[in-house]
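Please model the complete structure; the sequences and the hints are all you need to start from.
Which chain is which? The protein sequence lines are A and B, in order. Position one of the first sequence corresponds to residue 1 (the UniProt record's numbering), numbered consecutively onward. Position one of the second sequence corresponds to residue 1 (the UniProt record's numbering), numbered consecutively onward.
Since the hints were derived computationally from the structure, they do not count as laboratory data. What you are looking at is a predicted structure, and each value in this text was computed from that prediction instead of being measured. Ideal placement from N, C-alpha and C gives every residue a C-beta, glycine not left out. Check each hint, because a few of them may be wrong.
Examples of chain A residues lying across from chain B (beta carbon under 10 angstroms, computed) [to be verified]: (1) Ile41; (2) Ile157; (3) Leu166; (4) Ala173; (5) Lys174; (6) Val176; (7) Thr221; (8) Pro223.
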Amino acid sequence: MNPFTFDPEWTTTLTTPFMVNAFLAGLCIAAAAGAVGYFTIARHSTFAAHAIAHIGLPGATGAVLLGLPVAVGLGGFALAGALVIAALGKRASEREIATGTVLAFATGLGLFFARMSSSASQQLQSILFGSILTITDDQIVGFAIFDIVLLVVMAVIYRPLLFSSLDEQVAQAKGVPIGVMNALFMAVLAGVITIAVPAVGTLLIFALVVTPAATATVVTTTPLRAIVASTALCLVSIWGGLVLAAMFPAPPSFVIVTLSTLFWGIAKGVEALRRRG
Amino acid sequence: MQQSDASERRGPSVECRDIAVKRGGTTIWSHGTFTIPRGTVTAIVGTNGAGKTTLMKAELGVIPLSHGTMRVLGAAPGEDNARIGYVPQSYTNDIDSSLTAEQSVLLGLTGTRFGFHPVTRRQRAKAHEAMEFIGIADKAKLRLSELSGGLRQRVAIAQALVSNPELLMLDEPLANLDLASQRTTVQILSRLNTELGMSIQIVAHDLNMLLPILTGAVYLLDGHPHYARLNDVLDSKLLTHLYGTKVQVVTTPQGAMFVTPNMAEPGGCDMHDADEVARFHHHGHAGARPQTDGGATR
Chain A
1 MNPFTFDPEW TTTLTTPFMV NAFLAGLCIA AAAGAVGYFT IARHSTFAAH
51 AIAHIGLPGA TGAVLLGLPV AVGLGGFALA GALVIAALGK RASEREIATG
101 TVLAFATGLG LFFARMSSSA SQQLQSILFG SILTITDDQI VGFAIFDIVL
151 LVVMAVIYRP LLFSSLDEQV AQAKGVPIGV MNALFMAVLA GVITIAVPAV
201 GTLLIFALVV TPAATATVVT TTPLRAIVAS TALCLVSIWG GLVLAAMFPA
251 PPSFVIVTLS TLFWGIAKGV EALRRRG
Chain B
1 MQQSDASERR GPSVECRDIA VKRGGTTIWS HGTFTIPRGT VTAIVGTNGA
51 GKTTLMKAEL GVIPLSHGTM RVLGAAPGED NARIGYVPQS YTNDIDSSLT
101 AEQSVLLGLT GTRFGFHPVT RRQRAKAHEA MEFIGIADKA KLRLSELSGG
151 LRQRVAIAQA LVSNPELLML DEPLANLDLA SQRTTVQILS RLNTELGMSI
201 QIVAHDLNML LPILTGAVYL LDGHPHYARL NDVLDSKLLT HLYGTKVQVV
251 TTPQGAMFVT PNMAEPGGCD MHDADEVARF HHHGHAGARP QTDGGATR
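Okay, here's the thing in structure tokens:
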């Protein structure tokens with residue numbers, strides 16, 4: 001599979017049912033990732049986001065081992081991990097070591113479970129690196145329902161969550177329940193990661209949840225605009241990745257992550273030039 | 001900005017009866033019985049770890065009292081915090097923040113509301129009024145990360161002001177600021193107090209910059225909070241005891257008083273107490289008033 005051979009039949013590939021599902025999944029994932037990405041950065045929880053995906057890994061491979069759906073195991077472990085991280089509190093420097101240690105252990109455990117059965121072993125690569133081309137109709141329905149719930153929850157808690165993310169002490173003094181906000185946000189983040197893993201996998205999730213939001217904060221100044229912009233960037237990365245992966249036979253995850261990183265690199269470069277000039 | 005209604009200003013700003021705070025089994029301070037009148041500018045002073053910030057957080061109801069009762073603006077701590085503006089010390093931590101000054105100030109009005117509420121024209125006008133008062137209206141569209149420490153702190157003050165608080169609490173507002181920024185901040189606080197009648201509390205290490213506007217201080221000494229009017233706080237013996245290092249009160253020709261920790265060995269250099277210094281100035285400058293009673297000239 002030479003990635004530089006152009007496939008002239010790529011437009012036909014795009015209209016196949018698995019590609020249509022991939023595009024729909026991309027839309028759902030972009031909406032979810034965009035809604036939480038800004039807050040993940042504002043709350044200094046980017047490392048937690050990365051860790052939650054890895055904590056989900058043994059859940060995913062363990063679920064395959066037990067014959068359960070991957071999303072159930074992944075989501076369960078991610079949620080449990082997210083709530084533990086939330087309970088550890090917001091003192092980031094202390095939390096990083098605990099989170100990182102649990103992350104490493106969880107990844108090892110995920111490998112252990114995967115090696116216990118051949119089916120889990122086969123699934124390991126798609127859990128680690130994603131397999132957006134194998135998303136089923138049922139998964140799309142699940143994603144869509146999750147998105148609707150997520151957007152309603154985020155709309156309701158938007159301002160207090162923003163206040164507690166940016167000015168925790170003042171928000172607490174003004175009566176915002178910061179502990180509840182933290183737990184709620186972490187739970188939401190676990191959900192978003194659970195639906196984003198099928199696209200790019202646990203290892204590359206950072207590029208969909210955090211990177212577009214980081215790019216968006218460079219180009220926008222209000223939180224709402226940053227959320228809209230990061231959703232758009234995420235969507236362009238996924239859809240663009242799918243189109244390019246149809247043209248050139250490269251893994252979609254690779255192209256998606258490359259585009260997301262490229263946008264970020266350009267935004268950072270332009271920002272640096274603007275500061276100097 | 002509106003002046004608080006005179007009818008609202010009855011009663012003291014803070015009233016404490018035998019208050020104590022424990023954290024992790026250790027008593028931070030105890031036996032605090034004092035009253036801070038309305039419309040005053042009060043410093044909260046004490047050595048590192050004396051519990052200055054703890055006192056402020058107890059007033060906000062964030063840290064519970066282990067003993068005694070406290071009323072803040074006539075209500076139990078934490079019960080009516082919408083009437084309190086709070087500027088924590090950590091404003092410098094948000095250096096990475098991509099938020100604009102205006103967005104940050106707006107959060108002071110909208111940040112506690114659940115549900116979907118677009119920002120109204122009135123809220124935006126209110127935010128601009130607050131930024132105008134603080135003198136940062138021209139910085140409204142700049143990101144916090146583009147502002148200096150002094151300006152970021154003024155944004156934090158504007159955010160606290162935007163909801164028209166009756167009491168403003170600031171934790172170490174002058175720390176990490178250069179002299180010009182310190183002076184600007186003190187001038188803003190002075191205007192808030194005199195023009196809007198706002199009660200102000202300031203946690204501070206260094207009283208020097210604040211002396212011109214202070215009316216009193218809560219000092220945390222030997223594990224107990226005490227309140228005193230400024231004249232009584234500016235006592236060399238008390239300050240020396242309070243800070244655990246030799247402190248002098250001197251009077252300058254301008255009439256301002258300074259509290260100066262003396263770094264030199266005791267007796268190793270020219271040391272004078274307040275009365276002596278006052279007499280020097282009496283001799284040297286006909287206009288300067290003697291400070292024989294240790295009182296303020298303001």
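Are there hints from earlier that the structure breaks, and if so, what are their numbers?
-> No hint contradicted; all consistent.
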